[in-house]
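Asker: Sequence:
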Amino acid sequence: MRANLSPLSLSVVFLLTISGTSVAVHANDKAATCAACHGVDGNSINPEWPNLAGQHSSYIVQQLRLFKDGVRENASMAPMVANLSDEDMQSLGEHFAGLAPKIGAIKAEDIEPGEALYRGGNADSGLPACMACHGPNGAGNAAAKYPALRGQHTRYTTLQLQAYRDDVRQGDEKGIMGTIAKKMTDAEIESVAKYIHALY
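Residue numbers (the working numbering): 256 to 455.
In case anyone wonders, no lab produced these hints; they're calculated from the structure.
A hint or two may mislead.
[Claimed, not checked] Straight-line Cα separation of at most 30 Å, DSSO-like style, residue types lysine-lysine; simulated pairs: (1) Lys429 to Lys323; (2) Lys400 to Lys429; (3) Lys437 to Lys362; (4) Lys323 to Lys285; (5) Lys400 to Lys357; (6) Lys400 to Lys285.
[Claimed, not checked] So the derived label-pair ranges between C-beta atoms look like this: (7) Thr440 to Asn338: 38 to 44 Å; (8) Gly390 to Gly426: 20 to 26 Å; (9) Asp324 to Ile300: 26 to 32 Å; (10) Pro368 to Ile300: 23 to 29 Å; (11) Val295 to Asp341: 23 to 29 Å; (12) Ala363 to Asp422: 34 to 40 Å; (13) Arg410 to Gly353: 21 to 27 Å; (14) Asn392 to Pro368: 15 to 21 Å; (15) Lys437 to Asp296: 33 to 39 Å; (16) Lys400 to Asn338: 21 to 27 Å; (17) Pro391 to Thr434: 20 to 26 Å; (18) Ala418 to Ala290: 23 to 29 Å.
We put the CB at the ideal spot given by N, CA and C, even for glycine.
Please take these sequences and the hints and turn them into a complete structure.
Answerer: Below, the structure written as structure tokens:
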């Protein structure tokens, strides 16, 4: 059975459709700008720039706000976020959250040391297991804004852990990552970063 719509109803449907299309196009335009560094599919080709594919929307929004507010300082990101509205950030978060992360490779000899740290931490130094917050497969915890880590570039993860350890990266509300990273040696950071790159 076909519903008979009045001219007014048809107009409302048309306007809603156009409005929805406009929002989608707007989001795609913003995402296209991000793609220059983070990849069309959300997987960056530069190992120093993060993959965003499959990242939680809430975490992406949180980080964009930190960049916009100047809490996280980055010369490349600052101009990119300057004119983003809350709606823009939400649209971008949802866009990248819907993309599939690419999982990297790891040498056989690098699996055991990285896995030991990720899953068990280091009792001697008081280093907790990464999976306690980021999950056994690196999927993170959206509600707690703990990011997904699986497939992240080794180089990017290494740089971020070093930045947390050296108090260069700010914005961790409870200071959890700074406290954790300070317990890590350079070798441990590199080992766990390699493991995360291939985690799924």
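Asker: Please go over all the hints and tell whether each is borne out by the structure.
Answerer: We went through each hint and held it up to the structure:
no., hint, result
1, Lys429 to Lys323, "20 Å, holds"
2, Lys400 to Lys429, "12 Å, holds"
3, Lys437 to Lys362, "26 Å, holds"
4, Lys323 to Lys285, "15 Å, holds"
5, Lys400 to Lys357, "21 Å, holds"
6, Lys400 to Lys285, "23 Å, holds"
7, Thr440 to Asn338: 38 to 44 Å, "41 Å, holds"
8, Gly390 to Gly426: 20 to 26 Å, "21 Å, holds"
9, Asp324 to Ile300: 26 to 32 Å, "28 Å, holds"
10, Pro368 to Ile300: 23 to 29 Å, "27 Å, holds"
11, Val295 to Asp341: 23 to 29 Å, "25 Å, holds"
12, Ala363 to Asp422: 34 to 40 Å, "35 Å, holds"
13, Arg410 to Gly353: 21 to 27 Å, "25 Å, holds"
14, Asn392 to Pro368: 15 to 21 Å, "19 Å, holds"
15, Lys437 to Asp296: 33 to 39 Å, "35 Å, holds"
16, Lys400 to Asn338: 21 to 27 Å, "24 Å, holds"
17, Pro391 to Thr434: 20 to 26 Å, "22 Å, holds"
18, Ala418 to Ala290: 23 to 29 Å, "24 Å, holds"
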